[in-house]
Amino acid sequence: MLDTLADPGLPSDECPRRARIQLDLLLLAIEALDLGGSEAMLAVARDLALDNLVKGRVHLWLLRGTNPMRRYSQRRPLQMEEAKALVMIICTLARRLTVLIRQLLIGQQQLTDKQLSLDHHFRLADYMTRFRSHFRARMNPRRAGVIAYSTDEKLDELAVQLLQQLLLCSGVLGPQRLWNSLFDGEVS
Amino acid sequence: MTIQRQYTLPHCNLSLEGLSDNALDSLAPLTVLMNAECRLPGVTDVTLTGGREFLDSLVAAVSRYGQQLLSGVASPIDATQAPPMVFLKPGENSYHHLIVQQQPLGEPVSDVSAQPPLDIKLNTVQLYDLVEAVDQLLADTQTLPDLTAQFQAVSRRLVQANEPVAKRAAPAALGAAALAAAGLALFFVPPPEFEPSRSELESTAPAQTAGTGTPEANASPPPGADSANPELSPDVGDLSRLENAPAIADAATIALLQSDVADRLRQAWADDTPRPSDDLAYRIVVSEDGDILGYKYENDLALAEVDSTPLPELTFVPVAGAAPVGEQVAQFIATFTPAGEVVLAPTGRNTGAAAQPAGTLPPLTEKVTDGDRIRALNSTLYDNILGDLGPLSASEALRFRVRLTEAGEVVGYEPINAAAGLLAAETPLPGLVTATNSTADQVDFQVVFTERGVLEVNPWDGWPQ
Chain A
1 MLDTLADPGL PSDECPRRAR IQLDLLLLAI EALDLGGSEA MLAVARDLAL DNLVKGRVHL
61 WLLRGTNPMR RYSQRRPLQM EEAKALVMII CTLARRLTVL IRQLLIGQQQ LTDKQLSLDH
121 HFRLADYMTR FRSHFRARMN PRRAGVIAYS TDEKLDELAV QLLQQLLLCS GVLGPQRLWN
181 SLFDGEVS
Chain B
1001 MTIQRQYTLP HCNLSLEGLS DNALDSLAPL TVLMNAECRL PGVTDVTLTG GREFLDSLVA
1061 AVSRYGQQLL SGVASPIDAT QAPPMVFLKP GENSYHHLIV QQQPLGEPVS DVSAQPPLDI
1121 KLNTVQLYDL VEAVDQLLAD TQTLPDLTAQ FQAVSRRLVQ ANEPVAKRAA PAALGAAALA
1181 AAGLALFFVP PPEFEPSRSE LESTAPAQTA GTGTPEANAS PPPGADSANP ELSPDVGDLS
1241 RLENAPAIAD AATIALLQSD VADRLRQAWA DDTPRPSDDL AYRIVVSEDG DILGYKYEND
1301 LALAEVDSTP LPELTFVPVA GAAPVGEQVA QFIATFTPAG EVVLAPTGRN TGAAAQPAGT
1361 LPPLTEKVTD GDRIRALNST LYDNILGDLG PLSASEALRF RVRLTEAGEV VGYEPINAAA
1421 GLLAAETPLP GLVTATNSTA DQVDFQVVFT ERGVLEVNPW DGWPQ
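The listed protein sequences correspond, in order, to chains A and B.
In terms of the working numbering, the first sequence opens at residue 1 and continues consecutively.
In terms of the working numbering, the second sequence opens at residue 1001 and continues consecutively.
It is worth saying that the hints were derived from the structure and are not from the lab.
Treat the hints with caution; some may be incorrect.
[What the hints assert, rightly or not] Computed far set for chain A versus chain B, every beta-carbon distance over 10 Å: (1) A43; (2) N52; (3) R102; (4) L168; (5) G185.
[As the list claims (entries may be wrong)] Calculated pairs, DSSO-like style, for lysine-lysine (alpha carbon to alpha carbon, straight line, at most 30 Å): (6) K114(A) with K154(A); (7) K1167(B) with K154(A); (8) K154(A) with K1089(B); (9) K114(A) with K1121(B); (10) K1089(B) with K1121(B); (11) K154(A) with K1121(B); (12) K1089(B) with K1167(B); (13) K114(A) with K1089(B).
Every residue gets a Cβ at the ideal spot worked out from N, C-alpha and C, and that includes glycine.
All chains should be built: construct the whole structure from the sequences, respecting the hints.
Structure (structure tokens):
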């Protein structure tokens, strides 16, 4: 299944920095959408027979810890195969959450058009709050990349942006699209 | 037989009409496209239609824009080619704009380029439906098998080229401008005049002050000698301004200076200058970085023939009216022999400090072993030192090893730390040395002047049991 994701032709077998950040943030958004998100990630890994690449909870935590913004950022590299597994997990979960994501995005668009605060949509506000608290609990506030999201507004913007990206990941070609987007501007 | 394919999503209906290669097989894939139609219910009433060119352009635009939304990296459109029939661009408030160069259905045919392009505003969900309809078409192997997804990460080169030239060139231009401005500004600044930094060298202090160990070395030159050699360097034979300079205590530094200065004197003593008839001996004072700060003849011949040595040339000549030297110096005796050799030897004398006892003490052979005697000597020594003790300028503790005879006379002392070596003269110790050559039984004590002015005396080998 991972063969549908073509190697981007980078000189090394390690994922670039932006890819590691992006994958972890998408997983974070899934967790904020779905209370059982972290359990679902492990279940999906088993269902997709990816448990040789994502070997349980601690290993998944280590893989996500390759995000340099994390408080407990790991120095280990993220191998291409591991990144592919994360892409598949993200896209599978996004597909399951499509209906919810569509509702939230439609609500967000309506509120933005009326210039109302996003708090008026109960489910959306819930997602935002959870995303903010997840982000603040896990990211190192002294990192330059994290300082950019120091305010609630910035974090809400990021949450909505991730929601849109998750929707795009949920389609039939979502994995390929997400996978290739990870290396935009990185390949020669 | 005409084949129809429909891809239906809430906000996008994509339908294709075409023919298959094999007219008899109803399951054969659609390979020849006749018409493509894209409706966007809930968005616009306009139906976008076109042939293969329109469909290809739609697929390319949708794939590229979807990837751009995910990565945030815009894929540049080749500006040299004609604008694509379909393209997408981001709008305000997370809207997206689908721009289509075509004429609406049902209107009379006219020049396509004359029509303003259609601008359809999509929200994210509507855009997603469009993307998904196209993706389903791409993934469908029964429809246009030659049309497959062509995902490709954007090249680094293209991303860089995407930045406007002005923006890329700005840092370089700014750098060049700053350099030019700095050059222009500095052009008007006169080059700095060189001023010797040793302005403090010239003596204002009285000649030959106290604190020197060997009086004959500091004897003022005979008045006649100075007047007889008016052309001599003004400070020949005058080391007074250097007398109060602190001595370099580190033996390694002194050794290094010794070889360094000897080398320089040897090289500078040109072969064509007349060789002296006898040894010329000079006391020279050398700064820590090897500059010869001053020199003084040690014998009369040395004064008369000073011009045949390289000393006047090598000596740093201070500006007039300078203060006494405050930096650390070392003193050497330089001897120029008739054979053309230069011999440099340390004077073994610390400027400003009493020379003789401040060396190292020889190993103790005949020790005092009587415990009571040691205690008595300890308190005697303590009292003697305390009696003469004045305020010290030390910023750290001064440690000495002091040797006493059985009778309580001070044989000598030895500084243990560097500060003690430098500031020995401030302590009462030099004045207490009375029995330099005593051969009686002796004992060592450790004497510490702490930085807070407290005196500590105790036996070197520990208190007797």
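| message | Using Cβ atoms and 10 Å as the threshold, tell me whether G185(A) really stays out of contact range of chain B. | response | violated, 4 Å
| message | Next pair to validate is K154(A) with K1121(B); report whether the Cα-Cα distance is within 30 Å. | response | holds, 25 Å
| task | May I ask you to check that L168(A) keeps its beta-carbon over 10 Å from the closest beta-carbon of chain B? | result | violated, 5 Å
| query | R102(A): least C-beta distance to chain B exceeds 10 Å? | reply | violated, 5 Å
| CA of K114(A) to CA of K154(A), is that 30 Å or under? | Distance ~20 Å between K114(A) and K154(A) Cα, so the pair holds.
| request: Sort out whether K1121(B) lies within 30 Å of K1089(B), counting only the CA atoms. | output: holds, 10 Å
| task | Measuring Cβ to Cβ, find out whether N52(A) lies farther than 10 Å from everything in chain B. | result | holds, 26 Å
| query | Given the proposed pairing of K1167(B) with K154(A), does the C-alpha separation stay at or below 30 Å? | reply | holds, 26 Å
| message | Against the 30 Å threshold, does the CA-CA distance of K114(A) and K1121(B) hold or violate the hint? | response | holds, 17 Å
| Taken at face value, is the distance from the CA of K1167(B) to the CA of K1089(B) at most 30 Å? | The given pair, whose Cα atoms are some 22 Å apart, holds under the 30 Å limit.
| query | Is the straight-line distance between the alpha-carbon of K154(A) and that of K1089(B) 30 Å or less? | reply | holds, 23 Å
| request: Mind checking the alpha carbons of K114(A) and K1089(B) for me, to see if they're no more than 30 Å apart? | output: holds, 23 Å
When the structure is compared with the earlier hints, violations turn up for hints 3, 4 and 5 and for no others.
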